[in-house]
Amino acid sequence: MQGLNYTFARSAEEAVAQFAGAGGSARYIAGGTNLYDLMKLGIERPAHLIDVSRIDGMDAIETDGEVLRFGGRALMADVAYAPVVRDEYPLLSQSLLKAASQQLRNMATVGGNLLQRTRCMYFRNGAGSSSMVGVYPCNKREPHSGCSAIGGVDRTQAVLGTSQACTAVAPGDWPVALMAMDATIETLGPQGARALPIAEFYRLPGDTPHSEFNLNPGELVTAITVRKTPAGRRSTYHKVRDRESYAFALASAAVAVEMEGATVRAARIALGGVATTPWRSSAAEAVVTGSTLTRELAIQAGRAAFADARSGKQNAFKIELGARVVADALIIAAERRA
Amino acid sequence: MPSQVFPEIARVDARDKVLGQALYGADINLPGMLYAMLVPATIAKGRVGELDVRRATETAGVVQVLSIGDFPTLRPEISFLGQPIALVVAETIEAAIEGAEAVTAVYEASPFVALMSSPGAHRVPAEGFSTGDVESAFQNAATIVEGTFETPTQHHNPMELFGTVAEWSGGRLTVYEGCQNVDAVKGALAKALNLSPDAVAVKSEHVGGGFGQKSPPKIQTALVAQAARLTRRPVKLVAPRGQVFHIANYRPRSIHNMRLAANAAGRLDAISYDVVQENIPDGGFRSTGYHEDIARLYAIENFRATAADVHIDRQMPRHTRGTHPFPAGFALESLIDEMAHKLGKDPVQFRLDHQAKKDIIAGQPLSPHFLNDCLTEGAKRFGWSKRVPEPGSMRLDDGTLVGFGVACGIFGASMSASEATLRVRANGTTRMISSGHEMGQGMLTAIANVITQGLDINPDRLEIQLGDTTRGPQIATVGERGTASCIPVALKAVHALRAKFEELAGSNPPAGNLHEQLARLKRPYIEVTATELAPGQDPSALKAFRSGGRAGAGPDYPGFTSMSYIAQFVEIHIDPMTRRIRMPRAVSIADIGRVVSPRTAKGQMYGGVVWGFSTALREETEVDPRFAGYLNDDLADYVIAVNADIGNIDVGLIDQPDPRINSVGVKGMGELVMLGTAPAIANAIYHATGKRIRKLPIRIEDVL
Ligand SMILES: Cc1cc2nc3c(=O)[nH]c(=O)nc-3n(C[C@H](O)[C@H](O)[C@H](O)COP(=O)(O)OP(=O)(O)OC[C@H]3O[C@@H](n4cnc5c(N)ncnc54)[C@H](O)[C@@H]3O)c2cc1C
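So the protein lines, in turn, are chains P and V. Position one of the first sequence corresponds to residue 1 (the numbering used here), numbered consecutively onward. Position one of the second sequence corresponds to residue 339 (the numbering used here), numbered consecutively onward.
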């Protein structure tokens, strides 16, 4: 572990200025639950950490107006338990509560969560840190070094959005729920403030899997907003994993529906654990929209979500599992009282 | 005939542990101490051509770098990925890590075999076993079931990592390290460092989980000691978990082909069994051991076993909790269930009908055993009679598939020669010098129970010393022999002390507890030393015990064989849509002979079910055959059961002494407790779904 500079920023502007002053090898740090991990693994080796976890007001959780607004450094636990989020947007609350552990959620921020990096075992274990045996080539970690997961142990790899260069899964649960809710990401960077839809925030791996976010160097996530909608109530975040808690998703679905009797008036469906980015499925939404929701139709929607899926040696089950998770989530969401 | 029943007492080390006052190897901090970090090889096989440690040496804070050629275990020949090629010693842990990361190596890599399925892998036959006439039993069989069963590579992953602190003083070495066999570590250190064994002390008073991982001496221990010798300062190494995966032992993958024959009367007649496992040449975990315990489980007269190894280029696999009877029992207990189903018999009754009559391996009687009591008690507590036999026939209202499963387990009751010194003082204190290691299993509590039941002493001021070579010789605490070895000798010491006191006090002893009595007799203390052997053991075993040699015996003793038994019942729920597999409840009942410490024994029983669940449905170490390294080498990716996975567990102990094995009638349980869970789960999954799954871990994709 090399020495580094560590500074605190009091305001978003100050953080951005510090970043510009520090040059390329700076990183923002919030809860540190992912960044410190990556530093220990030798994957991230920043020379300067800019702590944004004390920025004035950037932890605000505003639920009174037309939009829900979560400050970039608001804690996962605080957002999950905010009464309006908990009662009227179960999918948002659950996506946070089904992630990590209470201890981690007490440290980790909703902004940092958007930017956490993949759990692909080849990505994490090959950097050459003394604590691991660094041997596994990875295009995400070291551009053009090759992808070991393709043709390797690929049970947990993605089946949607993959490329010849990378099959790593986007790990976060919260971004999947945000994707279903068409959230907006507000940032402040050297070029000023902007807001971009979450659908434009994540990049497919393509030939450049190392570039994961449409975020410029030094750009700080200041807030996440979600337009209020009654669809939030009839929603769920359904997550299936290798154990009942404290694990990333094998397959998950964030689903919100607006019902008219037994008929689905509108549906929002996003997938996690199966794709290289948080994955919205308009194909699945189209299957159920305007129809009476039955078990069969729900499964049909799930299948539609995976129509373009491509599997490797051990992960084909994710296609079937993912379809069923979507189906189950649709049924759970529809049965919730509006 | 042992008759004493032991009451439940609290765990004597609970308070220290809760307060963080129990010190483990890595907790030791000494003045002037340096920190070390290993540098692992990044190839599986070949040679280190060049090793460049210049940048490491120049790293600020680095004091010493040991590299290839500086110590016998730092060899240029590489035989597994992660093999240490250097040790960097520095003023801080951060500098040691930075220095270790700065070491670069150029390798001459050779082809390697990573897995049993890798190209170039081949079978190396080992010794087999045969009794009765298996051939004709199968020829005359009315019903045959067979299957190929596979259990995965698994790492022990105790909470405690490998933590070592080494210190020299006046030519003498002291090492603090969590281990299950301090005397073996002492012997290995003396040899590696060319010292007289008298000059080496190893201290391991608390072990943060062993499970077999900490029984053999470790490659890094002598290296740390050498670093301390060269730097003339104490040195600490705590190997990170990623490295532990690559240097620790592990449970080898194994494949079991088993056939079971029943005659026209529906009685089991023969077993034909072939096993092959991954191993290294001369590995310490024998493929010939798989059949030994399971062959004693039921009355099946004809048994043939063949075994083989496939040599791989990884580090040595070794004993892991449950050892051979775990994979072998998974195969046998799955097939027994299959046979019962095929014959239309209830799987509990089918097992009851086949109670073992003798030990077919040693050809001699078994000491009294109570597997059938375990089965009957378990079935009653579980509500087995509510099981509807037809697979897939039990459902909850929401469509959840329900399965009930049962399976048994067996483990040899071995013992070691041992010694205990007990001193009661007039000042109110008592000291027991025992042997053994406290790994959380409850050894200290069991010994305390024997002493406080037998003597009127002050229980709060009882000190039990073990896991420390300076106190006396220490048994290897392996193969669930700890309690059976240390408790009878403790009881003997208690009796001897009482006799000595009575002799001293005469016919008119003064009033008060033992301390007060001694004070009134103006005796500062009395002390006795007792020794004990396993049944029929030659007294020379005591000599071996005192010099760090092999002092164990059993489970086959002259004239009889003693085994521990368990029966486990589980209920499995499978989600109708996503097929999530859950275990809302389990019942586990064991025959471990006399129960000496009810509280910690129950703790073992609970832990055994959790461990069994985890091996059945969660744990597998992932090896990429192109690299021969362990991919999921941390506790996020190596998925161990969490609290949310575990339903209600009801445990029970038969508490019948084995009158032949020792004066207390105590057998062992540390390994046994996890046996049976995995096949019970597989059998319950079959009952829920109609699908037989013959490999572990069973995962969601297997029932989708
Ligand atoms: C054992 C374990 C299990 C976990 N399980 C789950 C799980 O099941 N599901 C799940 O979703 N997550 C899981 N996580 C991940 C966890 O949710 C993330 O680590 C956490 O959300 C990251 O937030 P943080 O504030 O700690 O980010 P940090 O670690 O501080 O930062 C992460 C990244 O974001 C950047 N960053 C942070 N804040 C900002 C900002 N405001 N603007 C711009 N960049 C920023 C940092 O530079 C860094 O690159 C798990 C983590 C662990 C360690």
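Simulated from the structure, these hints should not be mistaken for laboratory data. Don't take each hint at face value.
What the hints assert, rightly or not - Derived, one-sided and incomplete: chain P residues facing chain V with beta-carbon distance under 8 Å:
1. 6
2. 136
3. 146
4. 148
Stated by the list, open to error - Pairwise CB distance ranges (calculated):
5. 230/P to 920/V: 55 to 61 Å
6. 974/V to 144/P: 26 to 32 Å
7. 24/P to 357/V: 43 to 49 Å
Yeah, the Cβ is synthetic: ideal placement off N, Cα and C, and Gly gets one too.
Hints, verified against the model:
1. 6: Violated. Min distance 14 Å.
2. 136: 7 Å, holds
3. 146: At about 11 Å, which exceeds the 8 Å cut-off, the nearest Cβ of chain V leaves the hint on residue 146/P violated.
4. 148: 7 Å, holds
5. 230/P to 920/V: 55 to 61 Å: This hint is violated: roughly 34 Å between Cβ atoms.
6. 974/V to 144/P: 26 to 32 Å: For residue 144/P against residue 974/V, whose Cβ atoms are near 28 Å apart, the range 26 to 32 Å holds.
7. 24/P to 357/V: 43 to 49 Å: 47 Å, holds
Of the hints listed earlier, those the structure fails to meet are numbers 1, 3 and 5, in rising order.
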